[in-house]
Each structure stands twice: as C-alpha cells, then as structure tokens.
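Peer 1: Listed below are the residues making up each chain.
Protein chains: 2
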Amino acid sequence: MIGGCTTIGLVQMAMGVDPGENLRRATQLIAQAAERGAELVCLPELFLQRYFCQHEDVRHFDLAEPIPGPTTEALAAVARRERVALIVPLFERRAPGVFHNSAVLLAADGTRVGVYRKMHIPDDPGFYEKYYFAPGDLGFPAFELAGRRVGVLICWDQWYPEAARLAALHGASVLFYPTAIGWHPHEKQAEGAAQREAWRTVQRGHAIANGVYVAAANRVGHEPGPTGSAGIEFWGSSFVCDPQGTVLSEGGEADEQVVLATVDSSRVEQVRRHWPFWRDRRIDAYADLQRRFIDE
Amino acid sequence: MIGGCTTIGLVQMAMGVDPGENLRRATQLIAQAAERGAELVCLPELFLQRYFCQHEDVRHFDLAEPIPGPTTEALAAVARRERVALIVPLFERRAPGVFHNSAVLLAADGTRVGVYRKMHIPDDPGFYEKYYFAPGDLGFPAFELAGRRVGVLICWDQWYPEAARLAALHGASVLFYPTAIGWHPHEKQAEGAAQREAWRTVQRGHAIANGVYVAAANRVGHEPGPTGSAGIEFWGSSFVCDPQGTVLSEGGEADEQVVLATVDSSRVEQVRRHWPFWRDRRIDAYADLQRRFIDE
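Those protein sequences? They're chains S and P, same order as listed.
The numbering of the first sequence is the numbering used here, which starts it at 80 and goes up by one.
The numbering of the second sequence is the numbering used here, which starts it at 80 and goes up by one.
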C-alpha cells in the first residue's frame with residue numbers, strides 16, 4: 080500500500096579525505112537515524128568524497144565506481160541490518176568515459192529499487208561538474224521506497240521547477256535533494272544570507288506548487304580548494320518542509336546531525352484538495368517549455 | 080532600448096460597491112504613485128468591483144465590458160495625464176457568452192500595448208471563477224512596456240511555475256501578478272499565516288528560478304459574501320522581490336497604499352550570470368510537462 084506516515088531522516092555530515100572513513104561515519108549516522116525511528120534515510124550528494132569538483136583533475140575519475148559496486152554492497156548490508164531504506168548518492172562509473180552524478184535507492188531488505196542520474200549539471204568556478212559528469216539520461220522518475228512514491232533529484236536540479244513537477248507527475252509525494260552547496264568564503268558576509276535563503280525558498284516553492292514534501296540533505300564544513308582558492312564552506316541547513324512549504328525540521332549551518340521528520344500521505348491529500356492546483360494546469364499551453372528561449 | 084532602471088508601483092486598495100468610486104480611488108492612487116516616481120503602475124485584479132465571484136449570479140455578467148471600452152478609455156487618459164504606463168485588470172466581455180478575467184497594458188501615451196487573459200482559472204468555495212471566465216487563449220507572452228519587457232499573470236496563475244517560466248522565456252524581466260486573495264475569516268486564525276506565507280514563497284520561488292523581478296498587487300479589506308458566508312478578508316501584502324527572491328518592498332495586511340520599488344536590468348544580468356540556471360535547462364527531457372499526470 081502507498082500511504083500512511085513514514086519517518087524520514089536526512090544525514091548532514093562533514094566529509095574527510097578518506098572515503099572509507101566517510102562511509103563509516105555515514106553508517107553511524109544512518110544507525111542513529113534508524114534508532115530514532117527513521118524508515119528512510121537520505122545521504123548527501125557524493126557523500127564518499129570531499130567535493131572533488133572544486134578543480135578539474137583527471138585522476139579523480141578513479142573515485143568513481145559501478146552500480147552495483149562496493150558502496151552499494153556495503154550500504155545494502157547496512158539497510159538490512161538497520162531495517163531502513165536508503166538513498167545513496169555516488170560518483171557512478173557506467174563505462175569508460177561515461178560517468179554520472181547518481182543516487183541509488185535501496186529498500187530496507189537491501190534490494191536495489193532504482194537509480195537516478197543528475198539531469199542538470201552545473202559549471203561554475205569551484206563547481207566544475209560538467210567536466211566529471213555526463214548529464215543523466217533516465218528522466219525524472221518516481222520510485223516506490225519505504226511504502227511510498229518518492230522522487231530523487233540532486234543539488235543543481237533543485238533550481239528547476241520542471242524537475243520537481245515531472246517527479247511529482249510521476250506520483251512522488253516526497254522529493255529528496257541530496258546536495259553539496261555552500262559559500263565561497265569571500266562572498267559569505269555580503270551574499271551568504273541571501274544565497275542560502277534563495278536555496279531554501281525555491282525548494283519550498285516546489286513543495287507548494289506540487290503539493291509534495293521536500294527534503295534536502297546537505298554537507299557541512301569547510302573543504303579547502305586548489306592553491307589560490309579559499310575553498311567552500313558547505314552550509315548544512317538540511318531541511319524537510321511540508322506540502323504547504325512549512326519547514327518541519329531543519330539542521331544547523333555547521334554541525335553533523337540527523338534531521339528527522341514524518342511525512343504523511345493524508346496531508347498531501349488534504350493540501351491538494353484544498354488548493355487544487357493540479358486540476359487547472361494548462362497542459363494545452365505548455366509546449367514552449369521545451370524551448371531554450373523564445374526569440375521575438 | 081530595453082534596460083536600465085524603472086520605478087514600478089503597485090496599487091493596494093479596498094473595493095467598495097460602486098465601480099465609479101473604485102475607479103476614482105484607483106486614479107488617486109495612480110497619481111500618488113506617479114508623484115512618488117512610478118513609471119509603471121499595476122492595479123489589483125478586477126479592481127473595478129468587489130470580488131463578485133463569491134457567488135454565481137447571472138446578473139454579474141453585466142459588469143463586464145469590452146476592450147477597448149469605457150475603463151480603458153478612462154485610464155488611457157490617466158496614463159497620459161500622469162505620464163505613467165498602466166496594467167489594468169478588468170472583467171472582459173469579448174462576445175456574448177465569452178468573458179475573460181483580463182489585464183490591459185497601456186503605455187504612458189495611452190496606447191494599448193496588449194492584453195493578457197488569465198490562463199489558470201480557479202474554482203473553490205467563495206472563488207467561483209470557472210462560472211464567469213473562459214480560460215485565456217493568448218498564452219503567456221511578454222510585452223514591451225515602460226522601456227522593458229514585462230509579463231502579466233493573474234492571481235491563480237501565481238501557483239504555476241509553468242506560467243512564470245513561459246513569460247520569462249518570452250523575455251520578461253518583471254512578472255506582475257494582479258491578485259485578489261484573502262482569508263476565509265473562520266480559517267484565518269489556524270491557517271492564515273501559513274497560507275499567506277505559501278503565497279509569498281511560491282512567487283519568490285518563481286523570481287529565483289527565472290532570475291526575474293516579481294511584483295504582486297493585491298486588494299485589502301473584508302468583503303461580505305452571500306447569506307450564510309463569512310465573506311473574504313483580502314490580505315494585502317502586495318510586494319516586489321528581486322531576481323534572488325529578496326523582498327524589496329511590501330504592503331501591510333489591511334491598509335490602502337502604494338508599494339514602490341525600482342527594478343534594474345543590470346541586476347537581472349548579474350544574477351543570471353552568477354547563477355546560470357537558464358544555460359542548463361534540459362529541454363530534451365521536458366515533454367511530459369504537457370501531461371495531466373503520468374500513470375505508471
């Protein structure tokens with residue numbers, strides 16, 4: 080049955096240089112979430128590594144691994160042991176020269192339920208993802224996990240209303256956003272508050288427009304960049320909001336922690352009945368959303 | 080030339096029973112805005128009338144008028160006198176049995192620049208708009224007004240990311256939302272804060288996702304409903320936010336007033352360069368946005 084209540088947990092963590100250590104730390108935080116009642120836990124984007132996209136280095140492709148692979152095996156065992164479903168973001172090696180920024184969905188019995196491959200790939204100073212990741216080719220599906228339909232979108236996807244809408248059209252009632260977003264330290268004082276607020280607001284907007292829960296899991300901590308760069312200070316602030324955009328639970332800016340919230344299908348039903356946006360979409364008038372820009 | 084700075088004004092007003100009096104009051108507030116520097120002023124949705132959609136009454140079709148018609152004539156004269164461009168929402172009579180919830184754009188010389196017809200039509204207890212208004216058939220265009228490209232969307236449209244995106248794809252750098260939204264008095268205490276916050280948040284989200292200014296002009300005041308109904312308390316809170324979603328200027332919940340802000344093309348340019356969302360839209364993967372729902 081799809082429905083009822085599910086307790087979800089977001090792992091907010093700081094990544095060290097050792098992937099094995101990051102895996103151990105993630106495992107501890109998953110256990111902590113499960114102990115506190117979580118039935119579905121989401122890790123942050125690329126949780127095994129420091130955010131290597133701060134510069135372009137061909138050796139970093141060695142960090143990628145296949146699906147299934149050692150990390151999905153290890154976490155399938157964790158899922159079974161803790162009896163918790165997992166969303167596991169990782170650097171996917173699909174074929175020589177074909178790499179993706181992906182997330183694997185594991186059921187509580189360790190079964191692989193599906194894979195999402197990040198569709199919108201950023202490229203900014205300090206976020207050179209277009210070098211590492213081919214754009215996803217699996218669309219914006221929803222998956223059945225922990226007794227409900229969920230969408231998984233990754234970081235840069237969170238700025239795109241189209242992505243949220245499509246996952247919701249596939250029936251997702253919760254959208255997860257594993258994330259690695261932070262401040263350039265020299266911009267933090269002048270721009271930091273507005274940047275983080277924009278990140279939070281646009282995702283709350285997706286919750287409202289679609290009548291879905293939104294859950295974003297971000298990393299924390301400063302990670303040094305290449306020589307001459309000030310690195311990135313990841314801003315944490317992982318949160319869950321309800322289908323009206325009300326924040327239910329939220330992490331701090333700097334601490335490792337587990338953020339928990341309960342999502343409830345009857346709340347989705349109620350909000351969508353009272354605010355029947357879905358009924359009135361003008362699907363006859365949306366074709367131009369497939370255009371890059373409409374030149375006059 | 081499209082660009083530079085423009086001061087915009089939103090008229091937040093309370094409507095009485097007499098359309099002539101509402102027109103006079105709107106004219107006063109336009110003059111006040113122009114005196115304070117506004118070059119482009121937007122009136123609230125259906126500003127000539129109390130919100131007659133609180134019930135279905137065939138006599139209310141008498142309130143509609145053609146475009147051009149007496150109201151566009153009167154306000155073209157106001158535009159010329161005050162040297163201000165205007166966005167004038169009105170109940171449009173297009174043909175017998177064909178009525179729209181529309182907005183007319185008038186240049187500062189009184190020229191009619193275009194018409195927008197509300198595309199998404201609500202129908203809720205107390206908001207029986209599907210009875211009065213045929214859905215718009217002009218899409219989500221942008222118009223050149225007061226030296227810049229603007230989009231005009233009306234009230235219920237504000238919940239649809241597709242509408243905001245399409246107007247922005249047509250080149251709009253400011254989206255205006257003439258609005259008539261408020262509380263059912265019996266819901267206000269329990270739900271009011273969350274409802275208004277959701278309304279504000281989803282529109283700020285459109286600003287962020289599209290790198291545009293958003294300007295919403297709402298009415299204020301309690302308007303009685305039909306017998307047995309508590310009426311609607313319109314919540315004002317007209318606001319302008321910038322392309323990062325930061326609120327620049329905002330009206331109160333209950334007072335008539337003019338809300339002013341300056342919009343700046345260089346700010347649009349700057350935000351879109353630093354947060355290049357437009358570049359990475361996956362237009363190859365958005366076709367299903369034209370579906371009502373995706374059954375599995």
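Warning: the hint list may mix true and false statements.
Quick list of the computed label-pair ranges, beta carbon to beta carbon [stated by the list, open to error]:
| id | chain 1 | residue 1 | chain 2 | residue 2 | range |
| --- | --- | --- | --- | --- | --- |
| 1 | P | Arg358 | S | Pro145 | 21 to 31 angstroms |
| 2 | P | Glu135 | S | Ser345 | 47 to 57 angstroms |
| 3 | P | Glu152 | S | Cys84 | 50 to 60 angstroms |
| 4 | S | Arg173 | P | Gly226 | 25 to 35 angstroms |
It is worth saying that the hints were derived from the structure and are not from the lab.
Just so you know, even glycine gets a beta-carbon here, dropped at the ideal spot from N, CA and C.
Peer 1: Each of the hints needs a verdict: does it hold here or not?
Peer 2: How the hints compare with the structure:
no.: 1; hint: P/Arg358 - S/Pro145: 21 to 31 angstroms; verdict: holds, 30 angstroms
no.: 2; hint: P/Glu135 - S/Ser345: 47 to 57 angstroms; verdict: violated, 31 angstroms
no.: 3; hint: P/Glu152 - S/Cys84: 50 to 60 angstroms; verdict: holds, 59 angstroms
no.: 4; hint: S/Arg173 - P/Gly226: 25 to 35 angstroms; verdict: violated, 50 angstroms
Violated hints, in rising order: 2, 4; the structure is consistent with all others.
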